[in-house]
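**Student:** Following the hints, complete the assembly by docking chain B onto the known chain A.
In order, the protein sequence lines correspond to chains A and B. When we follow the working numbering, the leftmost residue of the first sequence carries the number 37, and every step to the right adds one. When we follow the working numbering, the leftmost residue of the second sequence carries the number 37, and every step to the right adds one.
These aren't lab readings, by the way, just hints derived from the structure by calculation. Some hints here could point you the wrong way.
[Claimed, not checked] Simulated restraints, written as ranges between beta carbons of each label pair: (1) Ser584/A with Gly525/B: 33 to 43 Å; (2) Pro63/B with Trp294/A: 41 to 51 Å; (3) Lys326/B with Phe490/A: 55 to 65 Å; (4) Glu563/A with Val295/B: 32 to 42 Å; (5) Trp568/B with Trp471/A: 29 to 39 Å; (6) Pro196/A with Asp617/B: 28 to 38 Å; (7) Leu374/A with Gln188/B: 53 to 63 Å; (8) His586/A with Leu510/B: 31 to 41 Å; (9) Ala574/A with Trp96/B: 21 to 31 Å; (10) Ser191/B with Leu254/A: 15 to 25 Å; (11) Ser492/B with Leu374/A: 30 to 40 Å.
[Claimed, not checked] Computed footprint of chain A on chain B; a stretch qualifies when at least three of its residues, placed anywhere within it, have a C-beta under 8 Å from a C-beta of chain A: (12) 467-476; (13) 549-555.
Built from N, CA and C at the ideal position, the CB exists for glycine as well.
Protein chains: 2
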Amino acid sequence: MEPNMSNFQSHCVEISMEVHKVVTPPPKSTFEKLKNRLKETFFPDDPLRQFKGQPLKKKWILGAQYVFPILRWGPDYSLKLFKSDLVSGLTIASLAIPQGISYAKLANLPPIVGLYSSFVPPLVYAVLGSSRDLAVGPVSIASLILGSMLRQEVSPTKDPILFLQLAFSSTFFAGLFQASLGMLRLGFIIDFLSKATLIGFMAGAAIIVSLQQLKSLLVVMANYIDGFLLPSLPPFDETHIFGEPELCKSTKKPKLFWVSAGAPLVSVILSTLVVFAFKAQHHGISVIGKLQEGLNPPSWNMLQFSGSYLGLVIKTGIVTGIISLTEGIAVGRTFAALKNYQVDGNKEMIAIGLMNMVGSSTSCYVTTGAFSRSAVNHNAGAKTAVSNIVMAVTVMVTLLFLMPLFQYTPNVVLGAIIVTAVVGLIDIPAAYQIWKIDKFDFIVMLCAFLGVIFISVQDGLALAVGLSIFKILLQVTRPKMVTLGNIPGSHIYRNLDHYKEAVTIPGFLILSVEAPINFANTTYLNEKVMRWMEEYEAENEEKTKQASLHFVILDLSAVSAIDTSGVAFLKDLKKTMDKRDLELVLVNPISEVMEKLQRADEAGEFFQPDFLYLTVGEAVASLTATMKARSSQLLS
Amino acid sequence: MEPNMSNFQSHCVEISMEVHKVVTPPPKSTFEKLKNRLKETFFPDDPLRQFKGQPLKKKWILGAQYVFPILRWGPDYSLKLFKSDLVSGLTIASLAIPQGISYAKLANLPPIVGLYSSFVPPLVYAVLGSSRDLAVGPVSIASLILGSMLRQEVSPTKDPILFLQLAFSSTFFAGLFQASLGMLRLGFIIDFLSKATLIGFMAGAAIIVSLQQLKSLLVVMANYIDGFLLPSLPPFDETHIFGEPELCKSTKKPKLFWVSAGAPLVSVILSTLVVFAFKAQHHGISVIGKLQEGLNPPSWNMLQFSGSYLGLVIKTGIVTGIISLTEGIAVGRTFAALKNYQVDGNKEMIAIGLMNMVGSSTSCYVTTGAFSRSAVNHNAGAKTAVSNIVMAVTVMVTLLFLMPLFQYTPNVVLGAIIVTAVVGLIDIPAAYQIWKIDKFDFIVMLCAFLGVIFISVQDGLALAVGLSIFKILLQVTRPKMVTLGNIPGSHIYRNLDHYKEAVTIPGFLILSVEAPINFANTTYLNEKVMRWMEEYEAENEEKTKQASLHFVILDLSAVSAIDTSGVAFLKDLKKTMDKRDLELVLVNPISEVMEKLQRADEAGEFFQPDFLYLTVGEAVASLTATMKARSSQLLS
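This is chain A alone, in the form it adopts within the complex:
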């Protein structure tokens, strides 16, 4: 694919072009640069921009609205909106009550704590949160993690009071951690839980939970078959319950929506009635038992800020905090994108964090915005956070008056509710999509999945996150560097491996570096440049001696940053080239790279005229012309 020299030259004459200068970027002080960097790191969303140029009073109002989003939509709230919110609020309440009880059991906590947790946190969120669709309450994953991490050191059956104390304390630390992430504007930390990690993690957790629940279900079935204890009882509702459509997919099946949304409550009511009617609790069917009526008792006196379990509690708090935060933020963003409004990540973190801190002192455990219930909320037509208030009030009524009704609810139905909710977390199509697009992401997903199942919840997660970070580091350590060729009939230069029609230019080695140049990759880049030069010369030796290597062009367009090692690499490379009688040419360095090169180049040997070009095309054209001029001088 290599054209001969004369061909290329005539082509150059055809499209003659002006040479543009690479200019020095406008000067900025270190302070200005630091300010910009900090702003981009911590305030990329520029949260204060709406305050700019407003009168003082307006600023106060905006400030209050910023802290309490309820003040933004509250004044315009109408009866019409309330009708929608009432329906959706009642709908999610019908889900929240059975799920709350079930998830509390998943966390090895008394069932009533699940109801407490569906009362206070939604009220707090309604005031502070900025999502309109988030349905707040306990969620399966966080419940599982909380329960399994605490159980490693304390038995929930032998020492239930201590276990409860640790659960509330963990909730407090989860909230503190979440709120701190938001306040310190470190929200980007949750970005490190990639989609692949989460899909694998949730599927693994779902399988653990399902196996746990199936085990107790099988015990019931075994009892039932084995002893013929209940010959008159119809074969229960398991199949019906397992057969109900997954909640998560309810967004896609609006026709079956009301069925699926109502199923858990209907199951609970029916099974409770059956147990009550047949007095099945005396025949080996375990039931919830007596629940205390009344609202959340205070629990701030149960929080533990010292003692031998402090480490466990903080660790559990951080892990459940980050996982539940990820779910809450992701749900919020998903529905905000659907309805085209903005959710401020850092503000949401503060809201969810405060909600958990308040919750921990009112007998609630970790809560967040739940995937499944938020989808139901959205489909049931929720317009504002009032649907959370409606749900909370419904739960309150339940807590005050309806607790005796749950006395006969069989535990097995709760298990079925849990399983139904969690199997929806296993997302096979998404896993297939990941396999198709990116194999490494698939490995990360698999690690999270297998790690959660075979090692432990927190280690599986840590493994997947570690692997994701390792991938990023590997990309930096082994950056892409490609050889460019000319697309015939243009001044465009592109990757020779990708564009098969591209041709090499005799005498030129054109390389493009596609990563920041830093300490982690200078050795590699150096070796690679050397190897390419050797290969070029080896190839040339086979052919004629005529067109040997004269210029090495380094296209730095894609070098987004450079550090001291990177600068040293470029300086050393220039020295090596000089020794070999080759010319090194840099193309289109961005401002940061340009500045650092200049600062490192006191002697001025580095920035000679023929050293910097704005495009590869211009560099080749100009250098070819110089070369021709030189050789004709030599000849004449």
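**Tutor:** Showing chain B alone in chain A's frame:
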């Protein structure tokens, strides 16, 4: 700086251009891609390329030469080369003997271990190593680390035998770790010790060592002044010793070279004579004392592979291993670059690792190629690894016959030798250079420096490495994304902030992403694109309604990789744009990005004709033409 529309259009007509297609990259199987990726990760230097196409016998010879580089230069070895090597070997021996004794004391080991370590390892390296200038032996930094890490758990004075056992075992694990890095081709791990980290670390270590030694020096001085014990003794040689030129700088001062290279030995001889003559050892001057004659006793029976200290020994081995490896490889590369030959990093690691493993079973502690002695070796004219053999033989002779001579060598001289060697590690000009070029690197350096001094050797190092990695992650999480404008009179588009003459094109928002798009930054990128669009529209509202936003061009030239989250981000962005009646256009995706987009795009909605362009210039020209055609159709 915004030209009006008509101006730009006329300019477009002036430079009309052909539109080039973005082609699908040639298909490659997953296996092929995996193979390539693995090759670039582990075999970037393609170590087997010289074997290609050779006959079998030649392959065997090449293979043997690959494993034992001595076979490559051995057959051509001449008397002339030997003369050079003899001189340089004797010179470094004159350094190695006093330094060996001193560094062993720094590591809290018996002085003779330092001599043992200057005998066996150089011989092993001479056979296996590929550097011609490396002078092998104990070094100050590794000695310091070994001593201080082991001393945290075992006292060298109370339990000297155990301490020695642990030192040999640590050496074994250091060697094992080094050789494994080389065998597994994980040599890039040492790249994570950036130049900034090393400069800070070495300066911190130098200060610790100097303070330690100065303390004992001051004790001697205090004794001397306080008790008038040695009124007849001249005020010793401290000032002379401290005044001797730093060894590290000897490369720059060839005139004083022989003086500086010989100074340690001369100091030792002179001070020993003085002590002997005045019987100063009886007057409060501590001396080395009796040393056992004879060669290295075997020590493989002292290695500990189990027991309560195993963890300590492995940790110490890894830390000293990686630090000494970094020094050895860096020294090797530096002198290879000076003399224009190649040093294979992974092979060097195996050589250094085996050398330490052999050493650990022959009473040697951690050794590597020393900065200062290699410089002396180079300057004294060393040509091959034979200079190491000469040095080893000289040390052997010393061990066999000259040990009684060192009996009266005062410890204080050894301290002075250590201090002289380590103050050369404090590199103020390099620190200033780092401050000038990259402030963040300077912080990393400072952390290493202060961490080593105020926390501990290993924590200071871990802190600096952690910070360097954090910087990389931060760059990925908050990637550069800039708005581009047209450089007047060309089809070139560059950063508007850098090129002040660049102008925006009405109706277009042109963004360039300069980092891989992945899970860690999609949220940020999304927020940023949205904000820019809002700003664009806000600005336009102030002006006329005429030229509102039509096209968002995303220049992906610098996006070197993408993952599933990144693909999802682009898909979502396209959906959002469609909703807002804007057109999203991608420019110049590299082959990996292109492929993944295609695989994610089953419906084909994504790859419509007007969606992909090869350059920003062509995209703007073509889209402007389409827009004009459309509006003229509407008008007619």
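**Student:** Hint by hint, say whether it matches the structure.
**Tutor:** Outcome of the hint check:
no. : hint                               : result
1   : Ser584/A with Gly525/B: 33 to 43 Å : 35 Å, holds
2   : Pro63/B with Trp294/A: 41 to 51 Å  : 49 Å, holds
3   : Lys326/B with Phe490/A: 55 to 65 Å : 60 Å, holds
4   : Glu563/A with Val295/B: 32 to 42 Å : 38 Å, holds
5   : Trp568/B with Trp471/A: 29 to 39 Å : 34 Å, holds
6   : Pro196/A with Asp617/B: 28 to 38 Å : 59 Å, violated
7   : Leu374/A with Gln188/B: 53 to 63 Å : 58 Å, holds
8   : His586/A with Leu510/B: 31 to 41 Å : 40 Å, holds
9   : Ala574/A with Trp96/B: 21 to 31 Å  : 23 Å, holds
10  : Ser191/B with Leu254/A: 15 to 25 Å : 60 Å, violated
11  : Ser492/B with Leu374/A: 30 to 40 Å : 53 Å, violated
12  : 467-476                            : holds (count 7)
13  : 549-555                            : holds (count 5)
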